[in-house]
Amino acid sequence: MATAAIPKIELTKRTKLGKTATLADRRAGKMPVVIYGHKVDPVHACADAKAMTEMLHHHAHLVEASVDGAVEPCLIKDVQWDHLGSKIIHVDMARVDLNEKVTVTVEIKFVGEPKGAKAAGAFISHPVSELEVNCLATNIPEEILVDVSNLGVDETLTAGEIKLPEGVELESDPELIVAAVEIAQEEVEPEAAADAPAEPELIRKPAATDEAPADEKKK
Amino acid sequence: MPLMPKRVIFRKQQRGKIRGNATSGNYVAFGDYGLQCLGSGWLSARQIEAGRVAARQFVSREGKLFVRVFPDKPISKKPLETRMGKGKAEPEFWAARVRPGTILYELTGVPRDVAVRALTRVAHKMPYRCRFVERRHV
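Just so you know, the sequences run in chain order W and H. Numbering follows our numbering, with no gaps: position 187 of the first sequence is 346. Numbering follows our numbering, with no gaps: position 51 of the second sequence is 56.
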């Protein structure tokens, strides 16, 4: 649970905004951050990139942001990555009241070996890796543990069947499939059919040529 | 059989330019591991198919393979020893446009070491530098 200790992050206000200043900040090992919400003007700040990345890798949702000495609890709203997905380039934070309920996405962690996974060619597929939950800002779970040990072959586990920690309500669709044990099927190589067209079909047929009427006109 | 669209509006397209980095399709979305392209250009349907076959043969019947790119661009080429002019040539092959960051293939249901070896084989078939990536958890 996140209640144990709220991670703290030191931020400094950014005076210069825009592409050039942002790039300069990133080059200097800083990460641009914006803090908004609660009908207060947004604050543009920057954090130490290393500290912020480490904090985010530990699945922090609620943080205590100290902007030039003024401390306010914030929720990590959005994280932007670079094009290769290897570096975090910007973080959105929303001001939060510690007594209000918030909707956050929490990572799922699978526990146990599915009983159906022992079958030949069986594997566990998990189309989603996060769930949306609603809970108190101080009660956000770091991760949701999902026991998949009872899953047999061709059985699925939906979001509604997951036991959530106390005080945490599910926001995602309860019918959402979280995990399934599937049997890998051999791909059938489509044989090059003799009658298969070498070119795709044209959606818009070429306009019918007015040759016949034109010929008639000539005549 | 290499991939190509079933239906198109126009038979031929202009060549276009591929600028910048991938802004979509640049994270592992369906599987656990992926192969990320670090170059930009066209990836022909034959190259995509060669990569798919390489991965599929390596992991045999295990796991699930996702091909994240589709060749939807017709590339035309003039025949050899043909004089210039006389209009645009006939389509020769179909290609996908890739940019640095595009995820080409994804794998799930196999151990990490198997995925690394399978996708390394696929990378050797690709005309661009590629790297192995995992689904990110932040």
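Treat the hints loosely; a few may be bogus.
Just some of the chain H residues that point at chain W, by a computed CB distance under 10 Å [what the hints assert, rightly or not]:
1) N31
2) R117
3) V121
4) R122
5) V143
No farther apart than 25 Å at their CA atoms in a straight line, the calculated lysine-lysine pairs in the BS3-like style are these [what the hints assert, rightly or not]:
6) W:K268 <-> H:K69
7) W:K277 <-> H:K69
8) W:K274 <-> H:K69
9) W:K246 <-> W:K172
The set of hints was computed from the structure by calculation and includes no laboratory data. Just so it is clear, the structure is predicted and the values come from calculations on it, not from any experiment. Glycine included, every Cβ here is placed at the ideal spot set by N, Cα and C.
Each hint, compared with the structure:
1. N31: OK, holds: N31 (chain H) within 10 Å of chain W, min 6 Å.
2. R117: Hint on R117 (chain H): violated, closest Cβ of chain W at ~13 Å, above 10 Å.
3. V121: violated (17 Å)
4. R122: Violated. Min distance 17 Å.
5. V143: holds (5 Å)
6. W:K268 <-> H:K69: Holds, at roughly 20 Å.
7. W:K277 <-> H:K69: Holds, at roughly 17 Å.
8. W:K274 <-> H:K69: holds (19 Å)
9. W:K246 <-> W:K172: Since the Cα atoms of K246 (chain W) and K172 (chain W) sit roughly 22 Å apart, the hinted pair holds (cutoff 25 Å).
In terms of the numbered hints stated before, the structure departs from hints 2, 3 and 4, listed from lowest to highest.
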